[in-house]
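> Top to bottom, those sequences are chains B and Z. With positions in the first sequence counted from 1, the corresponding number in my numbering is that position plus 373. With positions in the second sequence counted from 1, the corresponding number in my numbering is that position plus 1065.
Hints are computed from structural coordinates only; laboratory data are not their basis. Treat each hint with caution, since some may be false.
[Said to hold, decoys possible] Sample of chain B residues at the chain Z side, in silico, Cβ under 8 Å:
1. Asn378
2. Ile385
3. Trp389
4. Lys391
5. Gln392
6. Cys393
7. Gly394
8. Thr398
9. Pro401
10. Glu428
11. Leu429
12. Arg430
13. Ile436
14. Val438
15. Glu439
16. Glu442
For every residue, glycine included, the Cβ atom is placed at its ideal position computed from N, Cα and C.
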Amino acid sequence: MAKANVKRKVVIYRDWCKQCGICSTFCPTGCIVKEEDGYPFPRYIEKCIGCRLCELRCPEFAITVEEWEKSK
Amino acid sequence: MTTPNRIILDKYLRHNKKFPHIWCPGCGIGIVLAALLRAIDRTGWTKDEIVLVSGIGCSSRAPVYVDFNTLHTAHGRALPFATGIKAARPPLKVIVFTGDGDCAAIGGNHLIHACRRNIDITTVVVNNYIYGMTGGQQSPTTPEGMKATTATRGVIDQPFHIAELAASAGATFAARSTTYHAKELESFILKGLEHKGFSLVEAISQAPVCFGRRNGMGDPVEMVKREKELAIPISKTAGMTFEEKKDKIVTGIIEEREAQEWTDLYAGVKKTAGEE
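Just need the whole structure built from these sequences, with the hints factored in.
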């Protein structure tokens, strides 16, 4: 499934995040990293493959992965 | 494509409740609840026809946060209340969200009798091996040798395996998964919801503060990694002895069969008695 023209955004809702570190540890491509303040941040968003594992494993309902087609 | 979390949360959470929720940082109950919400979203049922029943405990806080018909009942008595609802209003979809202490200890008898009746209820058991809310006492599923506040030198009792217990008590669907396998857990819950008859899905979860900290398992991340290492699919356990399987988490569908459902039989009884 070629997804070259798909754009993605990982939204992390900081008010609900409890900094458990599950999303950044289990991100298969290393897109999400743990910042110095302890909160996760999608620093390397270009690496995101849209697997949604961060969203599925977030115990706090704090992550949403948005996907949309890039307009040419 | 999977529905984004945002849409599911908008639809199913009670927005007047205080968030973030009360569970400890990294606790797996949130993962199980999210899996349940996504599974419910995939069934296409409306919110009005779903009843979520729970007892007492950490996991039983879940109905407070979700916008279905919800019932927060006495300790261990979620299944009797759910049975009553199902008997009175068979078209309702009754789901029980419970924990290991609630379901296997004080509600153990209720569990096996609900299984025996094969009444159309879906039970999601969050098994985190401990009584979390009351401060980490030993539960019937705490593995041998693990420490708890009421077993400071290590547990000497053998643990229950809830899914196998339910299957042998007569449940027609029993499955087990972990919070690491969140996607698989969601598919098992979906199968349980669509199954006609009593279905039980046991979700092995991490309790980082009450269980992990006391047993030197480190942070929630280490505990989820441990689940990944210990999990073994049921298809690979064919030639294994009990001793070999004891320390593993056997995941997969343990029981799936068709049998007469209780509310149908009860409707038949009512008919012969001339009530309807």
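> Could you check if Lys391/B really has its C-beta closer than 8 Å to a C-beta on chain Z?
4 Å, holds
> Have a go at the Arg430/B hint: is there a Cβ in chain Z nearer than 8 Å to its own Cβ?
5 Å, holds
> Any CB of chain Z closer than 8 Å to the CB of Gln392/B?
OK, holds: Gln392/B within 8 Å of chain Z, min 6 Å.
> Report holds or violated for the interface hint on Gly394/B, using the least CB-CB distance to chain Z and a cut-off of 8 Å.
5 Å, holds
> Min Cβ distance, Glu439/B to chain Z: is it shorter than 8 Å?
6 Å, holds
> Does the nearest C-beta of chain Z fall within a distance shorter than 8 Å of the C-beta of Thr398/B?
5 Å, holds
> If you take the shortest Cβ to Cβ gap from Ile385/B to chain Z, is it below 8 Å?
Hint on Ile385/B: violated, closest Cβ of chain Z at ~11 Å, above 8 Å.
> Hint Val438/B vs chain Z: min CB-CB distance below 8 Å?
Val438/B check passes; min Cβ-Cβ to chain Z is 6 Å, inside 8 Å.
> Return the status of the interface hint for Ile436/B: holds when the least beta-carbon distance to chain Z is below 8 Å, violated otherwise.
For Ile436/B, the interface hint holds, since the closest Cβ of chain Z sits about 7 Å away, which is under 8 Å.
> Please check whether Cys393/B passes as an interface residue: C-beta within 8 Å of a C-beta belonging to chain Z.
3 Å, holds
> Would the hint on Asn378/B stand, with a C-beta cut-off of 8 Å toward chain Z?
15 Å, violated
> Should the hint that Leu429/B touches chain Z count as held when the rule is a Cβ pair under 8 Å?
4 Å, holds
When each numbered hint is compared with the structure, violations occur for hints 1, 2, 9 and 16.
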